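J.: Go by the hints and put chain C onto chain X.
Here's the letter readout for the chains.
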Amino acid sequence: MSRVKPRKCLGVLMVAGAVLLATAAGAAEVPQRGGTLQVGVQNDATTMDPHMSTAATDRDIYYQIYNVLVGLDPNLNIVPELAERWETPNPLAYVFHLRRGVKFHDGTDFNADVVKWNVERMLDPASGSIRRSELGSVKSVAVLDSHTVRFDLKEPDAALLSTLTDRAGMMVSRAAVEKLGRDYARNPIGTGPFQLAEWVKDDRIRLKRFPAYWRKDGPYLDEILFKPIPDHTVKLTALRTGTLDMIDELPPKDVAPLRAYQKLKVLETPGLGYRRIELNSSRPPFNNKYLRQAVAWATNREAIHRAVFFGTGAVAQGPIPPRSWAYEALPGYGNAPDLAKAKEKLVEGGQPNGFKFVLSIVNTPVALKMAQIVQDNLKKVGIEMDIALLEIGAWVERRKSGQFDGAEALWSGRPDPDGNTFSHLTTGGANNWGKYSNPKLDELLQQARSSPNQGDRKRLYAESVRILVEDSPLIFVHHDAWTKAWDEKVQGYVEIPDGRMRLERVWLSKR
Amino acid sequence: MGAYLIRRLGTMVPVLVVVSVVVFSIIHLTPGDPVAIMLREDADPAAAAALRKVLGLDRPLPIQYLTWVGRAARGELGRSIRTNQPVAEAILERLPVTLSLAGASTLLALAVALPAGILSAVRRNSVADVTGTLAALSGISMPNFWLATLLIFLFSVRLGWLPPLGYVSPAKDFWAGLRSLILPSITLGTAMAAVVMRMTRSSLLEVLQLDFVRTARAKGLGGAVVLLRHALRNALIPVVTVVGLQAGALLGGAIITETIFALPGVGRLLVDAIFQRDFPIVQGVVLLLAVNFLLVNLLVDIAYGYLDPRIRYG
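Protein chains in written order, with this note's numbering: chain X, 2 to 512; chain C, 180 to 493.
Next comes chain X alone, as it looks inside the complex (with noise of 0.2 Å):
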């Protein structure tokens, strides 16, 4: 055994010392530039033509390739991206101020006459763009100069802004779809930090770094690789074993043991969305409020909560999401079943020993869970619940036929709440499948829609979730949480409460 010298101590104290300050300095790391993020998607795109999109999850990829007029910020305010600032002249009318200097991938400018061909595009019926009705309360788009824009409206729409921070406020290069005619949807060209290198169906989205990208500090990674994996072990598995950096959702279920995994992040929030039982107020039984009360009274939703959704999310008490500003809590409602309030229903309904219907769902397990968790509520009341288990073409087909009694729906969500509201809940809207009518709602949320002033609004909002409340025509069961897990070394990730990924200020730490 060999004594330590005094001196080589000392060495060994310095060499400690200069390791704790690197530790110190790669807490506060600078962003670094380079490497390849590669991030795990459930599903691939359905297409890269962002006016022709169809599945909200589209936007994980969109967001790089691709600017919008206006973004959102982490609590859901709009903030510039495209347009620098805009203003309201009169209800009807929006002007935007648009950014200058910025370039398609293809080399094209963005310009005032770029938008105003984009939104006529979405508004072209021949275009078979599903952006339209989105779009709707807009009549038409004027160039004021090379680049500044007016949408005039229809109607006043406080949801305007809102919707361009989605899809239809992504614009597309104009010569590119000029080109190109439908062959646009495998070969996107935007103004966003990254653009398409390589898309091969169901194996691999590969973006790479647009080096005339606007802003100057630019998108850190060189590339992003995408893989598509329908299932979620394999996918869990190529997160901790490496082979992914990054995870676009996971199963309740597996939230909690990935936390255990130090090296990994995971991160869960509420989303926008709603997941709900729709009922059909236009034929038997639930065109009596009483029997739709009588649903809405016994279903445990907090037991939904924990049993299938393992606690990540939140109880749903009406289609506003409590990340929202709109959103107002209604203290005693909706966590626990009153099952006594939910028998004397029953009895107003003039249905005293309960009844039966049929609740159609799409076979996925999270579904069937929750179908079954009611299935045994209701029974404690006499409601006798079947349940259809259908494949998603089946469920769709039925929904739209109005040959249901009840169905289970998921509402992605909309960071404006009249995205999820109006045309769900308004005499003849288009996802008001249930053909719930009532006028004074239809008042309310019009008045909502069209009201300059946020806190007008929210008053307006909380009024028609009483109503809701009262009418129960959807029972609101669940917020479902947006959930994403990621490898240590990825850097800088913000979330944006929409839940999809910017990943343009992401990085790699190359410790």
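The hints are simulated quantities; they were obtained by calculation from the structure and are not laboratory data. The structure displayed is predicted, hence computed values, not measured ones. Any given hint could turn out to be false.
Stretches of chain C that chain X covers, calculated by requiring three or more beta carbons in the stretch to come under 8 Å of a beta carbon on chain X [claimed, not checked]:
no., region
1, 206-214
2, 259-273
3, 358-372
4, 441-447
5, 451-458
Cβ-Cβ distance ranges computed for the label pairs, FRET-style [stated by the list, open to error]:
no., chain 1, residue 1, chain 2, residue 2, range
6, C, A350, X, G182, 31 to 39 Å
7, X, K370, C, R186, 50 to 58 Å
8, X, G403, C, I185, 30 to 38 Å
From the three backbone atoms N, C-alpha and C, an ideal C-beta is built for every residue, glycine too.
T.: For chain C alone, coordinates are given in the frame of chain X:
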């Protein structure tokens, strides 16, 4: 042989016509409108009607069928409703993945099953026979999604030897390609290996009891020569039939395997297309599967001739 081939290929035409009618009818009669599925959350009747028109789905079904068949006869399978990609291109892009998976699975299955079957038959009721039979039974009984999960858990998570997902083309990087195919081909090949092993064993046992084997032995031929040249060759006919049937079915089994291991093959293309009601893709892939089945059957018939010279086609 040439005339036979032409005749056989000729009989495929009516079969394919029937297949095309059946496929077209089934997918169009199944509830689920592609436009409604595409729009789902954003359903607006006007937008739906416009999209339907753009996609040509507003025309009467018989017209849609005739248009499709007319084009298919000229080798033009239409375009994907979703991405506008030509169907033939979408299939060709993925065919190498599925073929290399099916090929590797078949090779793997035969490499294991034939020796195991022969050994079991020759050493009947020995420890090797019982072990082989047990393994075969487990192989047949184990669903491949379960086997895939076990394999991933062991070789990717625990041992870290093999990648849990993804496809690398063996043409681009042979070793990486091979590594990416190992777990999927074990998954897909196991059931086939089990069936082939059982078939080889029973068929060989039967042949070994026939007179000509005894005669060969009586002539003083060695055990290996009798077994391999005389007995096995005769025993292989039912085995070839089974291999043929299984190889046809492999493409179907590939659907699950490809989904689990995230391989961009034809199977996954089909499943996604079914869920999205991408009619042209579904029709194209099913036609391809039918052609594949017919061709494999033809190959099997030709193989009979080589195995047993008494079978001749004229």
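J.: Run every hint past the structure and note whether it holds.
T.: Against the structure, the hints:
{"no.": "1", "hint": "206-214", "in the structure": "holds (count 4)"}
{"no.": "2", "hint": "259-273", "in the structure": "holds (count 7)"}
{"no.": "3", "hint": "358-372", "in the structure": "violated (count 0)"}
{"no.": "4", "hint": "441-447", "in the structure": "holds (count 4)"}
{"no.": "5", "hint": "451-458", "in the structure": "holds (count 4)"}
{"no.": "6", "hint": "C:A350 <-> X:G182: 31 to 39 Å", "in the structure": "32 Å, holds"}
{"no.": "7", "hint": "X:K370 <-> C:R186: 50 to 58 Å", "in the structure": "56 Å, holds"}
{"no.": "8", "hint": "X:G403 <-> C:I185: 30 to 38 Å", "in the structure": "56 Å, violated"}
Hint check: violations occur at hints 3 and 8; the rest are consistent with the structure.
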